[in-house]
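Asker: This is what each chain is made of:
There are 8 protein chains.
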Amino acid sequence: MDERDIRLLKAIADLGTGSPERLHEETGIPVSTIHYRLNNLKDDGVIENDLYDVNLEEFGLGVTVLVEVLADYDGPYREVGEKLLAVEGVTQAHFTMGETDFVVVARLTGSEMVERLISDFEAIEEVERTNSTYVISTLRDTHNALQSYSLETLIEELAEE
Amino acid sequence: MDERDIRLLKAIADLGTGSPERLHEETGIPVSTIHYRLNNLKDDGVIENDLYDVNLEEFGLGVTVLVEVLADYDGPYREVGEKLLAVEGVTQAHFTMGETDFVVVARLTGSEMVERLISDFEAIEEVERTNSTYVISTLRDTHNALQSYSLETLIEELAEE
Amino acid sequence: MDERDIRLLKAIADLGTGSPERLHEETGIPVSTIHYRLNNLKDDGVIENDLYDVNLEEFGLGVTVLVEVLADYDGPYREVGEKLLAVEGVTQAHFTMGETDFVVVARLTGSEMVERLISDFEAIEEVERTNSTYVISTLRDTHNALQSYSLETLIEELAEE
Amino acid sequence: MDERDIRLLKAIADLGTGSPERLHEETGIPVSTIHYRLNNLKDDGVIENDLYDVNLEEFGLGVTVLVEVLADYDGPYREVGEKLLAVEGVTQAHFTMGETDFVVVARLTGSEMVERLISDFEAIEEVERTNSTYVISTLRDTHNALQSYSLETLIEELAEE
Amino acid sequence: MDERDIRLLKAIADLGTGSPERLHEETGIPVSTIHYRLNNLKDDGVIENDLYDVNLEEFGLGVTVLVEVLADYDGPYREVGEKLLAVEGVTQAHFTMGETDFVVVARLTGSEMVERLISDFEAIEEVERTNSTYVISTLRDTHNALQSYSLETLIEELAEE
Amino acid sequence: MDERDIRLLKAIADLGTGSPERLHEETGIPVSTIHYRLNNLKDDGVIENDLYDVNLEEFGLGVTVLVEVLADYDGPYREVGEKLLAVEGVTQAHFTMGETDFVVVARLTGSEMVERLISDFEAIEEVERTNSTYVISTLRDTHNALQSYSLETLIEELAEE
Amino acid sequence: MDERDIRLLKAIADLGTGSPERLHEETGIPVSTIHYRLNNLKDDGVIENDLYDVNLEEFGLGVTVLVEVLADYDGPYREVGEKLLAVEGVTQAHFTMGETDFVVVARLTGSEMVERLISDFEAIEEVERTNSTYVISTLRDTHNALQSYSLETLIEELAEE
Amino acid sequence: MDERDIRLLKAIADLGTGSPERLHEETGIPVSTIHYRLNNLKDDGVIENDLYDVNLEEFGLGVTVLVEVLADYDGPYREVGEKLLAVEGVTQAHFTMGETDFVVVARLTGSEMVERLISDFEAIEEVERTNSTYVISTLRDTHNALQSYSLETLIEELAEE
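Chains as they are written, first to last, in full-length UniProt numbering: chain A, 1 to 161; chain B, 1 to 161; chain C, 1 to 161; chain D, 1 to 161; chain E, 1 to 161; chain F, 1 to 161; chain G, 1 to 161; chain H, 1 to 161.
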């Protein structure tokens, strides 16, 4: 995996498409090269399926961290949220009930990056305290809730709507 | 959105593909119908992009809940994990350091389903206690960490590997 | 305030009515006596308004206690809930998200009754632990949420429904 | 239920009376209309009994939230309490012993209003932190403790006073 | 028990003596009156033994409260301690390891005094937070540890010194 | 300080008297010896005042420990309380509201005795968990609340009773 | 670093000596080889000083974990302690006051070993719960407290003994 | 053990060597005296082995304390860390995930020094709160993780690297 591969995968993530034409527009990489490289990335298991799900371990993003963030803010919480989202590695951010204000999930490469993440959070003016937890292993990680429902339940639930 | 749409979206989620041919094999719905319906779902915003990300609000799955699970187990933790994953609605499950054994994220339709989820968890023999938190609003929810990194960082990090 | 007054006030609370006729049916106290006594109770401030809200201090129920209940149950939580409700003095019981299973509010006469309440809770088989908090003073206690909304908000909110 | 019904129910809650005459004074709605409407509201189950208890679900106030409030104040706590009571939706507020300063109960319409409530609390200068808990289901909610006592206990307790 | 009795008991507590002569010097009450009154107080059970232990319930000091105090101080902790000791009702104050800085025990007359105590603590500049717990019943309260040791242990322990 | 002194001090603590005659009855030590020894103990500062308050440091009881005890019991809590009181060194035991069941204060000689105390507590069948805190220094320790009140407050409070 | 180097370093750790003769006795490696290898290990920075302190990073033991262990035991705590010490990687184990029974420090190679450590702890019968914390970076780690004192303090403290 | 012994032991700790020549350079004590004294210290058990491990009890450093430090800092955490390390008695300091920022271990002589340590920590500007725990007994304390691994595991783990 070299820089071009990364450019491609990053463009797919940002644009939400695997269309070679649109990726070409974004990256300038010739369409035929894109075809060739995407196939290789699929063969190597970096791209896991037709939906372009990426195996993050292959990117060295092997560390998952959960962070509870306690903030002290006067304005709308979304402003604090924006600052949290601006920190690299944050894949999820939830504004929650309970003692904590935000629960954040991040994917990182290792201890050094954990240090950086926490420093970045602590440097946000409104952030009062962070409580991070190391994930030993992730058993499932999808943002597509449909996978976790049976077809029957989905149809029933929908019928109720 | 009717039952056929749901079948299609469920098949996409399970198979990890948007290929009409493979969806036809799985669902028996004619390929031309699949084309037609997927386009409609995109136009309606149910399908959000070319990667077939689904807008869960459209499914009525508007409630997100975080659950900390404290378990008492003698065998491997993965057995407990499997039981947690078997509960409908669970999109993520992490085995973590810290006081809690597992942190689970679930997408649900409402209070009634929250009750069912917690009952299902409590009914698992190894589960000692659950601590659930209601998500007021989700600011970001992706499993694709690449979105949260700049291209520069990705290239640098990779170079270091 | 004597036993007859208490019979009347108890009947009002249970039947949800201040109608002398129905109170007569329930208690056997003559209608004219009921009229006379209710007026006296109003004059004395025991009955606070036309909705028959009662001043609990006059009943010696001057102590309010909040109790978090942690339960360990296999069946439906409502069975545990029923047992909690059966304890005298419990004015509210909520089944909640979070670390605690139930949050209960009770009105009691003093330390002795607090002891009894906690003993009663601890004696319930499914109850694992209780965490009670003494209320120093109650600033508001209504079950009628309409009091806390402005007319404007109520009309707007309703319009949105 | 239209605006006039809401005016009536709000007046009942504020004045503590169901007397058509006094409601007429407050709202300007003709007495005969009041009679007619109150009967309809009873028939529809919005008004639950002769004490004018209101079914809050009918008002869309289906969400109950418990909030622990930690405040930092120099003056009397009642001043902070007043500010908490001024937030719409607050049905109860207790000043308590323990780690928390206030425990508040609120009835709301949904997630949006939860956001607003928490924002309103956080905007109070003396409020340092809030910890809110979502009520999955309320098993009992009365402010009338007499309901939870047997007649025998009431008579005995009173005798002891 | 009247004011003179209180003067006597207070003088005993402050001077650490039951000697009628010294109590006379302090209070100006004639020695013979002191003899007479102390005997009456013993007969009434206000004075419990020859060591002049006082039954605090007789003084209306029936409420015991434990308070954890979290302080933020730059100078020596003893200065904060002095301010805590200056609050009426404080019978013990310990500077402790652990999350809390001080643990205080107080004897009070009722809810109103609890309010005052907590207000007094919160008004101390260095005090950040207080966490008070209501004592339902005290099973033992002595400052004389010798009572809790057997003679054998005392002799052995001493021998080891 | 030798064994005879200890016998005397122990008898004073147990009998609640400093009367040489009664101490003689209890210990068999001649009255004149008792006079002589008590005077010496006062001169040495072991006995601190006329009320026979003892300087526990002189007994090597220099360590104070606070212990929160969480118990699981079906019968009356007092039975558990009795078992706690039976452990040597326990000067106070309170049955409290809050997460903890009992708060205990103990005076001990050192680390070894702390080990023993905790072992003794853990060995009590109903005790589930103990949480002990080391007291770095005790600023006040009296069981006589009168010391902490001004004469004015005592007189006023009493007048209100 | 090969197997022989490891044998040598392990023998040094176990025997508490760097004497080539004693290492020869233990490992059977010729004395001259030992000389040669130890010098190389020093040159490579695996052995850090004349006291044979080892750079654990060179051993791949780059992960430090703190684990709080809550145990439920009837016999002496030392038996539980022995079981904890038997788990590989445990460099420290303290029996502590406070809510936790033991605090353990472990040095490990990575996530897999963390999983194994926690599994090993949870498999100990008396262990009820573990709470592990990932060390992001260790600023100092010595068991030789003398390093952290100035010579002046050591001399003064000693003089006081 | 006199001042010269302390100088020697301190020099060994700081220089990481037991070489009499280098100790002579550092301390000015004649080489022959160093030989003589080190032998005596070994015979007395102050020096425990050839690696010059010191028995800290002999130094009166019999108290071990664990301190969780919560800090509020804007710059790099290492600056706070440096200030913590500057406090005498600190043998370990870890920057950790979780609610706490630092976990520190200290070896001290007694209560007085615990007071000083906590005061020193609290006096550091960035330190917000400390939570100290008294170690009743230490079952193992080494910084040499090799002792806790079997030779087999070390060889296997290394082979995997």
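Simulated from the structure, these hints should not be mistaken for lab results. The reader is advised that the hints may include incorrect statements.
Claimed, not checked - Going by beta-carbon spacing under 10 angstroms, a handful of chain D positions derived as facing chain E: (1) Y77; (2) V87; (3) G98.
What the hints assert, rightly or not - Simulated crosslink set (DSS-like; lysine-lysine; CA at most 25 angstroms straight-line): (4) F/K42 with F/K83; (5) D/K42 with C/K10; (6) E/K10 with F/K83; (7) G/K42 with H/K83; (8) C/K42 with D/K83; (9) A/K10 with A/K83; (10) A/K42 with B/K83; (11) E/K42 with F/K10; (12) E/K10 with E/K42; (13) E/K83 with E/K10; (14) B/K42 with A/K10; (15) H/K42 with H/K10.
To be verified - Covered stretches of chain F (in silico footprint by chain C; criterion: 3 or more residues with CB under 8 angstroms from a CB of chain C, positions within the stretch not fixed): (16) 36-43; (17) 97-106.
Quick reminder that beta carbons are idealized off the backbone N, C-alpha and C, glycines included.
Asker: Need the list of violated hint numbers for this structure, in ascending order.
Answerer: Violated hints (numbers, rising): 2, 4, 6, 7, 8, 10 and 16; every other hint is consistent with the structure.
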